[in-house]
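Undergrad: The working numbering numbers the first residue of the sequence shown as 125 and each following residue consecutively.
Hints may be right or wrong, so weigh each one.
SDA-like cross-link-like pairs, simulated, lysine to any residue; straight-line CA separation at most 20 Å [as the list claims (entries may be wrong)]:
1) LYS203 to VAL254
2) LYS203 to MET132
3) LYS203 to ASN147
4) LYS330 to ASP248
5) LYS329 to THR261
6) LYS330 to TYR172
7) LYS330 to ASP139
8) LYS203 to ASP248
9) LYS329 to SER289
10) LYS329 to TRP201
11) LYS203 to HIS146
12) LYS203 to SER289
13) LYS274 to ASP248
14) LYS274 to ALA325
Taking CB as the label site, the calculated pair distances span [to be verified]:
15) THR259 to GLY153: 21 to 27 Å
16) ASN300 to GLY156: 14 to 20 Å
17) SER287 to THR176: 19 to 25 Å
18) GLY288 to LEU256: 25 to 31 Å
Derived by calculation from the structure, the hints in this document are not laboratory data. Glycine is no exception: its CB is placed at the ideal position from the N, C-alpha and C atoms.
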Amino acid sequence: MPCSHSAMRILWAFDNSLDDLHNNFQGVGTNGPTYSSPRITGYGTCLYLNATSSQSVTILAPPFLNMTLTSFSLFAWVKATSLHNTATDSYSDNVIFGQCQQTVQDKCLHIIVRNQYTYLGFFDDDISGVTLLSTNTWYHMGYVYDYSTKTQYLYVNGVLDVSGSPKGPYQGTMGNLTIGTNVIYFPNNYWDGCIDQVSYAALAKKQVLPL
Numbered sequence: 125m126p127c128s129h130s131a132m133r134i135l136w137a138f139d140n141s142l143d144d145l146h147n148n149f150q151g152v153g154t155n156g157p158t159y160s161s162p163r164i165t166g167y168g169t170c171l172y173l174n175a176t177s178s179q180s181v182t183i184l185a186p187p188f189l190n191m192t193l194t195s196f197s198l199f200a201w202v203k204a205t206s207l208h209n210t211a212t213d214s215y216s217d218n219v220i221f222g223q224c225q226q227t228v229q230d231k232c233l234h235i236i237v238r239n240q241y242t243y244l245g246f247f248d249d250d251i252s253g254v255t256l257l258s259t260n261t262w263y264h265m266g267y268v269y270d271y272s273t274k275t276q277y278l279y280v281n282g283v284l285d286v287s288g289s290p291k292g293p294y295q296g297t298m299g300n301l302t303i304g305t306n307v308i309y310f311p312n313n314y315w316d317g318c319i320d321q322v323s324y325a326a327l328a329k330k331q332v333l334p335l
């Protein structure tokens, strides 16, 4: 199976396209996701997902994005129209990004907002942020895993929100990428609002807030 791994960098800009910048990881929309303008930069578009309509994007494998037994960083700009909270919506999330082989420990990557806090999970090996997120507000979210120290890091707007170790490593060896939903708490997990400038790097990056 074709595989992409070391030193890789990917950007899904969502400027009227579901594909990454180099057309290697091409997105397929489910239930008609659209675009909204302006994006965080003040021009161009962001991906707009309507949770009520169960809208999402799938990046089909192959190529398989191999994040197993390695460091990685995932950053995204997000602005939610609504956010679940399990105090009122039991077993619910707001998903940004995911890859799931199966729902067993360390084989189901979920990059999400849970209970209005940023959340990075490998399944049963997770970490939750401490900054309460609000609707209709742009946030720059950072999800980082350092394989050398077995540490998960969460960033909000360029500031370290929380870290935890030992965690992982992630061990999923197959599965599509998903944006806006995943298998955990499905179907009560759709993103509602904008997702923009999703970037991936196969290393544990220092958090840098884009201009």
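Undergrad: Would you mind marking each hint as holding or not holding in the structure?
TA: The hints, checked one at a time:
A C-alpha spacing of about 18 Å is found between LYS203 and VAL254, which places the hinted pair at or below 20 Å, so the restraint holds. A hinted pair counts as satisfied when its Cα atoms are at most 20 Å apart, and LYS203 with MET132 does not qualify at roughly 26 Å. Restraint check for LYS203 and ASN147: the C-alpha separation of about 25 Å exceeds 20 Å, so the hint is violated. Using a Cα cut-off of 20 Å, the hinted pair LYS330 and ASP248 is violated, with the two alpha carbons roughly 25 Å apart.
At roughly 24 Å between alpha-carbon atoms, LYS329 and THR261 are farther apart than 20 Å, so this suggested pair is violated. A distance of roughly 28 Å separates the Cα atoms of LYS330 and TYR172; the hinted pair therefore is violated under the 20 Å criterion. Proximity of LYS330 to ASP139 is assessed by CA-CA distance (about 26 Å); at most 20 Å being required, the pair is judged violated. For a cut-off of 20 Å, the pair hint linking LYS203 to ASP248 is broken: about 27 Å separates their Cα positions.
In summary, the hint linking LYS329 to SER289 is supported, as the alpha carbons are separated by about 17 Å, within the 20 Å threshold. Between LYS329 and TRP201, the direct Cα distance comes to roughly 16 Å. Compliance with the 20 Å bound is thereby established for this hinted pair. For a cut-off of 20 Å, the pair hint linking LYS203 to HIS146 is broken: about 25 Å separates their Cα positions. The straight-line distance between the Cα atoms of LYS203 and SER289 is roughly 29 Å, outside the 20 Å bound, and the hint therefore fails.
At most 20 Å may separate the alpha-carbon atoms for a hinted pair to count; LYS274 and ASP248 meet this at roughly 15 Å. The hinted pair formed by LYS274 and ALA325 meets the criterion: a straight-line CA distance of about 17 Å does not exceed 20 Å. The given range of 21 to 27 Å is respected by THR259 and GLY153, whose C-beta atoms sit roughly 23 Å from each other. Between ASN300 and GLY156 the Cβ separation comes to about 19 Å, which falls inside the hinted range of 14 to 20 Å.
Separated by about 35 Å at the C-beta atoms, SER287 and THR176 break the suggested range of 19 to 25 Å. Between GLY288 and LEU256 the beta carbon distance is about 18 Å. The supplied range of 25 to 31 Å is therefore violated.
When each numbered hint is compared with the structure, violations occur for hints 2, 3, 4, 5, 6, 7, 8, 11, 12, 17 and 18.
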